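Residue numbers (the numbering used here), protein chains in the order written: chain A, 4 to 218; chain B, 4 to 218.
By construction, these hints were calculated from the structure, which means they are not laboratory data.
The reader is advised that the hints may include incorrect statements.
Note: identical chains are not told apart, hence a pair may lie in one copy or across any two.
To be verified - With a cut-off of at most 27 Å between alpha-carbon atoms, the simulated BS3-like pairs for lysine-lysine come out as follows: (1) 104 / 205; (2) 205 / 170; (3) 205 / 173; (4) 170 / 45; (5) 20 / 104; (6) 170 / 206; (7) 20 / 40; (8) 173 / 40; (9) 20 / 214; (10) 20 / 91.
As the structure is a computational prediction, the values presented were derived from the model and not from experiment.
Number of protein chains: 2
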Amino acid sequence: MRIGILGSGNVGQSLGKAFVARGHDAKIGSRTPTSDKLRKWKEAVGGRSSTGTFAEAAAHGEVIVLACSGAAVEDVVRLAGPDTFAGKPLIDVTNPLAFAKDTSPGLFVGTTDSLGERVQRKLPTAKVVKCFNCVNHETMVNPSNTDTKPTMLICGNDEAAKATVSKILKEFGWDDVMDIGGIDGARWLEALVPLWVRVATKKSTWHVGFKIVNG
Amino acid sequence: MRIGILGSGNVGQSLGKAFVARGHDAKIGSRTPTSDKLRKWKEAVGGRSSTGTFAEAAAHGEVIVLACSGAAVEDVVRLAGPDTFAGKPLIDVTNPLAFAKDTSPGLFVGTTDSLGERVQRKLPTAKVVKCFNCVNHETMVNPSNTDTKPTMLICGNDEAAKATVSKILKEFGWDDVMDIGGIDGARWLEALVPLWVRVATKKSTWHVGFKIVNG
Chain A
4 MRIGILGSGN VGQSLGKAFV ARGHDAKIGS RTPTSDKLRK WKEAVGGRSS TGTFAEAAAH
64 GEVIVLACSG AAVEDVVRLA GPDTFAGKPL IDVTNPLAFA KDTSPGLFVG TTDSLGERVQ
124 RKLPTAKVVK CFNCVNHETM VNPSNTDTKP TMLICGNDEA AKATVSKILK EFGWDDVMDI
184 GGIDGARWLE ALVPLWVRVA TKKSTWHVGF KIVNG
Chain B
4 MRIGILGSGN VGQSLGKAFV ARGHDAKIGS RTPTSDKLRK WKEAVGGRSS TGTFAEAAAH
64 GEVIVLACSG AAVEDVVRLA GPDTFAGKPL IDVTNPLAFA KDTSPGLFVG TTDSLGERVQ
124 RKLPTAKVVK CFNCVNHETM VNPSNTDTKP TMLICGNDEA AKATVSKILK EFGWDDVMDI
184 GGIDGARWLE ALVPLWVRVA TKKSTWHVGF KIVNG
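Only chain A is shown next, with the shape it has when bound in the complex (with noise of 0.2 Å):
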């Protein structure tokens, strides 16, 4: 499958290399696709991967992944151009983060809202699924890296889209993953972050997630 993943940093470049690893072709989308960064990981990856503008990456996924930091968001979607977007599944890994001095982040939307409809209003025709946005960028692509693996909490409005994520959560090791519905949904997935910071935080450890269990 070719995937357009639009952000070059931990969480672009590790789902990146993931996917060639599995025989996937990506393409990773960045202001500077030529970058001795990117070059390094397109060397270090090697196989079917490449760099290229955000519009590139874009227009090269059949899955479209956006991975850039939650303040970005905007000018990375009007960079790939709105349109690239149309119909395809579209992996939204970002979160609305706020950060401050001397405390642990917060998010500059929720409850009422969230960065996931905020994407799906801005492409309409776009699957919008949110996913991978719980866990850090190394758990994503092994979530045999914590003692047992976390529950993989995903939601959107587009049923297929939603099954050709699973389908990749299932190549990357993720054996428990729950859609709790529509991408509304993504107001609480994006709270469990500031959550998840405090908790890494007392764990010391990135490698940190969130269980579902029940009787």
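Put chain B on the given structure of chain A with help from the hints.
Showing chain B alone in chain A's frame:
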């Protein structure tokens, strides 16, 4: 220990019964302390159980438990008499749930404030500890009713009060308790609850919780 419980629904009744079963002296406060419902509760629980007005229950408690609906918090605190809370640990079990027709509940406060913080501001000399808010009333007093015990997440500004609450949690069978910091953490513990409702709906059981897993 003398416990004052403000609220006589499932949560207040289950916690009251569990406190008495562990040798404590629990008084449930209610607008209607002589109702059939509470008479039956007292008969069934026996031991050192009693009922009274909100003011009587709050005065009774060395530890007070706020276990009313989120919408009733302001009234209940006013009826109990704010001075009665001075210097006491106050276990805040409440959630600011906003119920909506045809959809899962949201929250009426969140992201930049929380019901826990509102309670702490209203009762500045109380030692508010958010606790128990993310599980069903049956799980609160029996964490073994899920396949693996969930993690109990708590927060509050007073270390001694959190130590008292942790001792109570141990008596109730909670092995895995995590203190995530100050009462502002209630923003994220309360935001777990709309997610918890969605997960419970998916799992078709209220005996559902979140377990922290880490590497």
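Hints versus structure:
1. 104 / 205: within (18 Å within a copy, 38 Å between copies)
2. 205 / 170: Between copies, since 20 Å is at most 27 Å while 33 Å is not.
3. 205 / 173: For residue 205 and residue 173, only the inter-copy Cα distance (20 Å) is at most 27 Å; the intra-copy one is 30 Å.
4. 170 / 45: Within one copy only: 25 Å inside a chain, 53 Å across chains, cut-off 27 Å.
5. 20 / 104: neither (33 Å within a copy, 44 Å between copies)
6. 170 / 206: between (31 Å within a copy, 21 Å between copies)
7. 20 / 40: Answer is within: at 14 Å inside a copy they meet the 27 Å cutoff, but 61 Å across does not.
8. 173 / 40: This pair counts as neither: shortest intra-copy Cα distance 29 Å, inter-copy 50 Å.
9. 20 / 214: within (25 Å within a copy, 29 Å between copies)
10. 20 / 91: within (21 Å within a copy, 54 Å between copies)
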